[in-house]
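Respectively, the protein sequence lines represent chains A and B.
For the record, in the first sequence the residue sitting at position 99 is 98 according to numbering that gives the first Met the number 0, with numbers rising by one throughout.
For the record, in the second sequence the residue sitting at position 174 is 173 according to numbering that gives the first Met the number 0, with numbers rising by one throughout.
Hints were generated in silico from the structure; no laboratory data involved.
This list has only true hints and no planted wrong ones.
Below are the PhoX-like pairs computed for lysine-lysine, each with C-alpha atoms no more than 25 Å apart in a straight line:
(1) B:Lys139 with A:Lys10
(2) B:Lys139 with B:Lys156
(3) A:Lys156 with A:Lys139
(4) A:Lys139 with B:Lys10
2 protein chains.
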Amino acid sequence: MRRLVKRPTMKDVARAAGVSPMTVSRAVSGEPGVSPDTAARVEQAIRQLGYQRNDNARSLRQKDLRTSTIGLVVDDLANPFYALMARSVEDEAHRRGYLVLVGSTNDEPRREREVIAAFTARQVDGLILVPTNGGHGFLKQPMEGGTCVVCVDRPAKGLAVDTVTVDNRAGAERAVGHLLGHGHTRIAYLGDRFDIWTQRERHAGYLDALAAHGIPEDPALVRHELRSQSDAAAALAELRALPDPPTALFTTNDLITIGVMDGLGHPDPVALVGFDDFPLADRLSPPLSVVSQDPVALGATAANLLFSRIDGDTSPPRSVVLLTRLVVRGSGAGGGFRG
Amino acid sequence: MRRLVKRPTMKDVARAAGVSPMTVSRAVSGEPGVSPDTAARVEQAIRQLGYQRNDNARSLRQKDLRTSTIGLVVDDLANPFYALMARSVEDEAHRRGYLVLVGSTNDEPRREREVIAAFTARQVDGLILVPTNGGHGFLKQPMEGGTCVVCVDRPAKGLAVDTVTVDNRAGAERAVGHLLGHGHTRIAYLGDRFDIWTQRERHAGYLDALAAHGIPEDPALVRHELRSQSDAAAALAELRALPDPPTALFTTNDLITIGVMDGLGHPDPVALVGFDDFPLADRLSPPLSVVSQDPVALGATAANLLFSRIDGDTSPPRSVVLLTRLVVRGSGAGGGFRG
Numbered sequence: 000m001r002r003l004v005k006r007p008t009m010k011d012v013a014r015a016a017g018v019s020p021m022t023v024s025r026a027v028s029g030e031p032g033v034s035p036d037t038a039a040r041v042e043q044a045i046r047q048l049g050y051q052r053n054d055n056a057r058s059l060r061q062k063d064l065r066t067s068t069i070g071l072v073v074d075d076l077a078n079p080f081y082a083l084m085a086r087s088v089e090d091e092a093h094r095r096g097y098l099v100l101v102g103s104t105n106d107e108p109r110r111e112r113e114v115i116a117a118f119t120a121r122q123v124d125g126l127i128l129v130p131t132n133g134g135h136g137f138l139k140q141p142m143e144g145g146t147c148v149v150c151v152d153r154p155a156k157g158l159a160v161d162t163v164t165v166d167n168r169a170g171a172e173r174a175v176g177h178l179l180g181h182g183h184t185r186i187a188y189l190g191d192r193f194d195i196w197t198q199r200e201r202h203a204g205y206l207d208a209l210a211a212h213g214i215p216e217d218p219a220l221v222r223h224e225l226r227s228q229s230d231a232a233a234a235l236a237e238l239r240a241l242p243d244p245p246t247a248l249f250t251t252n253d254l255i256t257i258g259v260m261d262g263l264g265h266p267d268p269v270a271l272v273g274f275d276d277f278p279l280a281d282r283l284s285p286p287l288s289v290v291s292q293d294p295v296a297l298g299a300t301a302a303n304l305l306f307s308r309i310d311g312d313t314s315p316p317r318s319v320v321l322l323t324r325l326v327v328r329g330s331g332a333g334g335g336f337r338g
Numbered sequence: 000m001r002r003l004v005k006r007p008t009m010k011d012v013a014r015a016a017g018v019s020p021m022t023v024s025r026a027v028s029g030e031p032g033v034s035p036d037t038a039a040r041v042e043q044a045i046r047q048l049g050y051q052r053n054d055n056a057r058s059l060r061q062k063d064l065r066t067s068t069i070g071l072v073v074d075d076l077a078n079p080f081y082a083l084m085a086r087s088v089e090d091e092a093h094r095r096g097y098l099v100l101v102g103s104t105n106d107e108p109r110r111e112r113e114v115i116a117a118f119t120a121r122q123v124d125g126l127i128l129v130p131t132n133g134g135h136g137f138l139k140q141p142m143e144g145g146t147c148v149v150c151v152d153r154p155a156k157g158l159a160v161d162t163v164t165v166d167n168r169a170g171a172e173r174a175v176g177h178l179l180g181h182g183h184t185r186i187a188y189l190g191d192r193f194d195i196w197t198q199r200e201r202h203a204g205y206l207d208a209l210a211a212h213g214i215p216e217d218p219a220l221v222r223h224e225l226r227s228q229s230d231a232a233a234a235l236a237e238l239r240a241l242p243d244p245p246t247a248l249f250t251t252n253d254l255i256t257i258g259v260m261d262g263l264g265h266p267d268p269v270a271l272v273g274f275d276d277f278p279l280a281d282r283l284s285p286p287l288s289v290v291s292q293d294p295v296a297l298g299a300t301a302a303n304l305l306f307s308r309i310d311g312d313t314s315p316p317r318s319v320v321l322l323t324r325l326v327v328r329g330s331g332a333g334g335g336f337r338g
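Go ahead and model the full structure; you've got the sequences and the hints to work with.
This is how it looks when you write it as structure tokens:
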């Protein structure tokens, strides 16, 4: 289908801002007689429409070369955790008149590179990135060109940028400590791909808790690389078939927790604490104890850091760690709670 | 922060496609000696990078004025239903070398207009829209300019475009019929805003089921405008305080179902069927019976329609209805199931 490339005009801006084109012209040229409030509305309309002032507008600042678009690159947008984070980023962007391009990497470095190449080719002003474990040297060029980058959920190896994460290791240690506190000593670890930073951190927290109780790691109880609910259910079946099976489980993300829940009986003697909270987790059978993190706060914090960089903050990169919370509901006890 | 506007070059395209710049030049100019496979890879790289061929490339087709970007406008990206739909749209777009701008409307016509104005100003090739109940006359101009539009989840009043929905009315009738089949006659309706098309359809289905059993509507049992979990919990409390309270509930979206579940006892004599499925709904107490719709299929169907329009399909608008499924797990019986 043919299409005409139509750029937004000053008239479009005027309509969007609810003022006359003359007022837009005055605001753009910085002429007197425009109230700060009106100027702000015009500025917002210009950003929202992506209006490019023409050569007659002599007061063009460097700032106006911006596209007022940022890119958000997550592992999987269908995962409720990343969906909540994305909505939070979108709200922060919307408040500032910015748009958000969204892409999922599936945790594949190749798809990550493709998505980011497409975003930077569209001149995004900044990127909020849940990095894969791949290299990020390809970001050097766009960053030198002025594209700001903030990492969220995980740091990117060798990339010195603002990063927002949660205390994965301490959260996992607390979860496993809770199971140990209920007398469990054979505690299985059911985790996702070990090359994902958050997973390595959570595994380290699992080992910390065991070590604090003088319990050596039993490799027979550790399962990595669980990528789906069915992987998790299969791993649980294997663990239960051991001569000396676990009496408690630590699951390191919501997908794995769901898969494991599917394989538990009603009731079931095995205890369980998962990383990541659910709606209605207190109504599950058993009521599910979890390590809870706040994806909305992660997204908002990352967005605020990004916009301060876009606005010219050149201070050294920051690492912000948000705290997780152990929410105890019952499943951490084990021993045949009522179904 | 200052930034240079750097457009992707033919060299960038060559790198992304894994071929020499000379091959890119040949492919772009349509010269012989380029295999169809290589040409396709170059074409994909051009789309992904948003590469604009320069004036020397004489073979420019109208198609090349595309931005290879589509906009997706949903009610709320944080809602798992729309997140699954968004990921599905993103996957379809990615396969074709397209990017996705995402925006949430909060079901507010004003925010919908803002988001769409910003998208069309960025020259999106098409829009997939979960429309609000507001007017959509503002879409006339971009559509005349060649922007393709597809509605999903709901139709837009007065907008003759491809639309993908589910059989909301029949699904609701089946849900309420299930409750009637268990002997319930006092069945409450707990719904979201009545100006949302899907909600009106589901209410109509509720009335259809009652009418089929010769039961007149009791306005005391009908609650609209429930916008949050706490709204739903409060409505449930009011309903239970009635002299003649309901023995069964029909909840019309996942948020309302969650709010109502929070207000039910363990066990509780009241029966419940909700619209929209959950992970672990079978492990809830009570195991939750639902009307299940498929957001991934909705998103993929809408995306396929949109891309066929972008590729030049000018046939009359289509209305595609996907079927819902009643998933019976136990909560529809009522009468004090074991908690």
